[in-house]
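Chemist: Protein chains in written order, with the working numbering: chain L, 1 to 322; chain F, 1 to 322.
Heads up, some of the hints might be wrong.
Repeated chains share a single entry, so a pair holds when one copy, or any two copies, can fit it.
Pairs of lysine to any residue residues, derived as SDA-like cross-links and limited to a Cα-Cα distance of at most 25 angstroms, are as follows [as the list claims (entries may be wrong)]:
#  : residue 1 : residue 2
1  : K230      : V212
2  : K243      : L140
3  : K243      : D310
4  : K243      : S173
5  : K243      : D135
6  : K191      : G171
7  : K68       : G267
8  : K243      : R137
9  : K68       : D135
10 : K87       : D310
11 : K206      : L78
12 : K191      : G265
13 : K208      : E221
14 : K243      : R80
15 : K106      : G223
16 : K206      : L117
17 : K32       : T138
18 : K191      : D88
19 : K230      : V215
20 : K230      : D213
Since the hints were made in silico from the structure, they are not lab data.
2 protein chains.
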Amino acid sequence: MRLIAIVLAVVLPGMALADPLPSWNDTDAKAKIIAFVDSVTDPAADTYVTPADRVAVFDNDGTLWAEKPMYVQAFFALDRLKAMAEKDPSVLSSDVLKAAAEGDMKTVAASGEKGLLEIIDTTHTGLPVETFIEDARTWLATAKNPAKDKRFEDMVYQPMLELLSYLRDQGFSTYIVSGGGIDFIRAFSEKAYNIPVNQVIGSSVKSKFEMVDGVPTVIKEPGVFFVDDKAGKPVGISGRIGKRPIFAAGNSDGDFEMLQWTTAGEGPRFGLIVHHTDAEREFAYDRDSNVGKLVRGLDEGPGLGWLIVDMAKDWAAVWPDE
Amino acid sequence: MRLIAIVLAVVLPGMALADPLPSWNDTDAKAKIIAFVDSVTDPAADTYVTPADRVAVFDNDGTLWAEKPMYVQAFFALDRLKAMAEKDPSVLSSDVLKAAAEGDMKTVAASGEKGLLEIIDTTHTGLPVETFIEDARTWLATAKNPAKDKRFEDMVYQPMLELLSYLRDQGFSTYIVSGGGIDFIRAFSEKAYNIPVNQVIGSSVKSKFEMVDGVPTVIKEPGVFFVDDKAGKPVGISGRIGKRPIFAAGNSDGDFEMLQWTTAGEGPRFGLIVHHTDAEREFAYDRDSNVGKLVRGLDEGPGLGWLIVDMAKDWAAVWPDE
Ligand SMILES: [Ca+2]
Ligand SMILES: [Ca+2]
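Using the sequences and the hints, build the whole thing.
Modeler: Okay, structure coming up:
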C-alpha cells in the first residue's frame, strides 16, 4: 500500500490550498476551527491525534438543521397522527391525542412529558423499524417548514455541511448525537449529511425481535429505552462509540454535558456552540426559547474555551440553495 | 482520487491469488465462504452488495475465542472479587459473593441470575468506564486459562482471525455482537481482532454522567441496561448498526435469532456456526454444555442454509501460535 501513500502525498497538498469552509466568513470562528484541525492532524506537532481518535460529535436539531418553530420530528408525529386518525378515528383515544391531531399545541404542551410519550407511542411504535424509517423518508421527501415554505431537508446549514466534510477529509469520524429519535434521524442522515446510519446516536423507544408471519422482524415497542439528551449524551457516546470525542458541536443546554465531557479530556479539544442570532436568514433565539434553550452555554461556554458561533456574523450563507 | 482507483486495480488482483484463509482446510466450509464473498463483491454479478451494506457480525465467546471451562469474563469477575476482598473483606456481603470468592462455583451456579447479577454489580460497577477498561486490560495481559495453561488472549481462533481479515479486505465492516459485557470486550477487541471499540456490541450495565471532584466522568452503575443475547442480538444490531447484516457467525443457541434475522434478508446471506468438535486441540461440546449450548443451530441450521463449521475437520490450525 506504499504506492497509495505516495499518491496521497502528491495529490493532497494541492487540495489543501482550497478553502475548506467557503460559507464561513473570515472571522475568528473559522480561523479557530482551522487552527484546531491543523493542530491535531500535523504529525510533527505534539498536539497530533491519531485518526482513530479523531471523533467528532454533532447535535442535530438547531446544530445541523433548523428546529424552529418546532422540531421536525414533532411535525412528523403530528402529520402521522392525523393520517392515522383519518383512516381510523379511534386512534385518538385521549384528550392529548385529540388536541395534537387538531394542532392544539397549547394543550399538548400543557400535558408535559406524559402527553408527549403518548403521542410518540401512538405514532412511533407497533411497526417494524425498517417500515418506520421508510415512512419517515417518504414524509421528508415533500414535508415543508411552514415558517419558511422550504422543505425541511433543504433547511440544513451549509456551513455545518462544510464543517462535516472538512473534518472527514481530515480523518475524523463524524457522529450525530441527538435528543431526537434515532430511527427518524436514520431516515435522512446519509442523504442530508453523508453520515451513515451506524454513526447516528439518538433517543429510542424499546424494540423487540419477533417472528411476524414467519418473518424475523425487529419491531418498535411502546416505552422509552434511552433518552439521549443532557447528561444522557455522554452516556450515549460512551456506550456507542466507546471513546471520548475530541470535537463536539451543539446549540442548546441539552448539549452542555456533551461539550463539557468532550473538552475536559486531555490534549487538544474543541467545543462549538451554534448561537442563533440571525432573525433575517434563519431565526434568532437563545435564553427564552421553547426549543433550543441556551443559557449555560452562553454564560459558561466562553470560560471553558468553547467557540460560540454567531450565525449572523460568522456565516456567509445559511442554506445550501442560497 | 481516480489515481488511487487505478493503483488499487493494479495491485489488488495480484493479492487475490494468495490464499485468504490459510488455516482452513480445503473442505466445503472454506469453499462456501469464499464463494459467498466472491458473489457479493463481484460488481458484474446480480448478487453484488455495495460495501456500505457488507456488514458482518460475530459472536465472541466460543466463536472468536475459547469459552471453556468458563467464560473469560467470569474468570475476570472472580479474580477481581478476590482482589477486592483482600483489600476489604466487607465486600463479601452475601453468601453468593463469599462462595464466588472461594471458587465454589456450585453455589454460584445454584444462585441463578440473581447471584450472577450480584457478582457483576460488585465487580463491574461503581467506577469510571475508562478505569474499568484499563483494569480489564491489565488483567488480560497475564491471565491464563487454567485448562490449557495459555493466556486467554492467545486462545483466539486463528481461522476466525483470518476470516475477519478476509472480510475486511473485501470491504466488509466487522462487528462483535456478544452476550458478554461491552466494556470488557472493548479492553481487547482492537488488539485481539482489529475490531475498533465502536464496532463492539454487547450487554451492559447502566451508566451515568457525573462530575467527580470537578471532572466530568461516565460511571458504570448497578443494574442491567441491555442484555445482548438471544432475541436481544437482532435488537442490539438494529439499534447500533441500523441495518441488517449479510453475514453472521456464532456458536450457540444464543446466536440463533441473530443468524435467523441475518439470513432471512433479501439477496445473498451467510450464516455460520462454529461447532466445537475438537477435544484434542480445543474442546468438544454442544447439546449438553454449561456454556455455548448448541441444539437448535444443529437441528435447524442446515435446513436454513447455515454453514456448520466442524472445527476438527475444517480447521488446519486452531491457535495463532500453532
Ligand atoms: Ca439542539
Ligand atoms: Ca458464544
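Chemist: A separate judgement is required for each hint: does it hold in the structure or not?
Modeler: Comparing the hints with the structure gives:
Taking CA atoms no more than 25 angstroms apart as the test, K230 paired with V212 passes between copies only; the shortest distance there is 17 angstroms, against 36 angstroms inside one copy. In this assembly of identical chains, K243 and L140 lie within 25 angstroms of each other by CA distance solely across copies; the values are 20 angstroms between and 32 angstroms within a copy. Proximity of K243 and D310 under a CA criterion of 25 angstroms is satisfied in neither setting, with 29 angstroms inside one chain copy and 37 angstroms between copies. Taking identical chains as interchangeable, the C-alpha atoms of K243 and S173 lie at most 25 angstroms apart whether they share a chain (12 angstroms) or sit on different chains (19 angstroms).
In this assembly of identical chains, K243 and D135 lie within 25 angstroms of each other by CA distance solely across copies; the values are 16 angstroms between and 33 angstroms within a copy. Taking identical chains as interchangeable, the C-alpha atoms of K191 and G171 lie at most 25 angstroms apart whether they share a chain (20 angstroms) or sit on different chains (21 angstroms). With identical chains, the CA atoms of K68 and G267 are never at most 25 angstroms apart, being 36 angstroms at best within one copy and 42 angstroms at best between copies. Taking the shortest alpha-carbon separations for K243 and R137, only the inter-copy value of 15 angstroms comes in at or below 25 angstroms, while the best intra-copy value is 31 angstroms.
In the homo-oligomer, the alpha carbons of K68 and D135 lie at most 25 angstroms apart inside one protomer (22 angstroms), although the nearest pairing across protomers, at 46 angstroms, exceeds that limit. Proximity of K87 to D310 under the C-alpha cut-off of 25 angstroms is found in neither arrangement, the shortest distances being 46 angstroms within a copy and 54 angstroms between copies. When the C-alpha separation of K206 and L78 is checked against a cutoff of 25 angstroms, the pair qualifies only within one copy, where the shortest distance is 21 angstroms, while the shortest distance between copies is 33 angstroms. For the homomeric pair K191 and G265, the shortest alpha-carbon distance between copies (23 angstroms) is at most 25 angstroms, but the shortest distance inside one copy (32 angstroms) is not.
In this assembly of identical chains, the alpha carbons of K208 and E221 lie at most 25 angstroms apart whether taken from the same copy (7 angstroms) or from different copies (24 angstroms). In the homo-oligomer, the alpha carbons of K243 and R80 lie at most 25 angstroms apart only across protomers (24 angstroms), although the nearest pairing inside one protomer, at 37 angstroms, exceeds that limit. In the homo-oligomer, the alpha carbons of K106 and G223 lie at most 25 angstroms apart inside one protomer (24 angstroms), although the nearest pairing across protomers, at 38 angstroms, exceeds that limit. With identical chains, the CA atoms of K206 and L117 are at most 25 angstroms apart both within one copy (12 angstroms) and between copies (22 angstroms).
For the homomeric pair K32 and T138, neither the shortest alpha-carbon distance inside one copy (39 angstroms) nor that between copies (39 angstroms) is at most 25 angstroms. Neither within a single protomer nor between protomers do K191 and D88 lie at most 25 angstroms apart by alpha-carbon distance, with minima of 33 angstroms and 55 angstroms respectively. In this assembly of identical chains, K230 and V215 lie within 25 angstroms of each other by CA distance solely across copies; the values are 16 angstroms between and 38 angstroms within a copy. Within a single copy, K230 and D213 get their C-alpha atoms only as close as 40 angstroms, which misses the 25 angstroms cut-off; across copies the closest is 20 angstroms, which meets it.
The structure is inconsistent with the numbered hints 3, 7, 10, 17, 18, although it conforms to all the rest.
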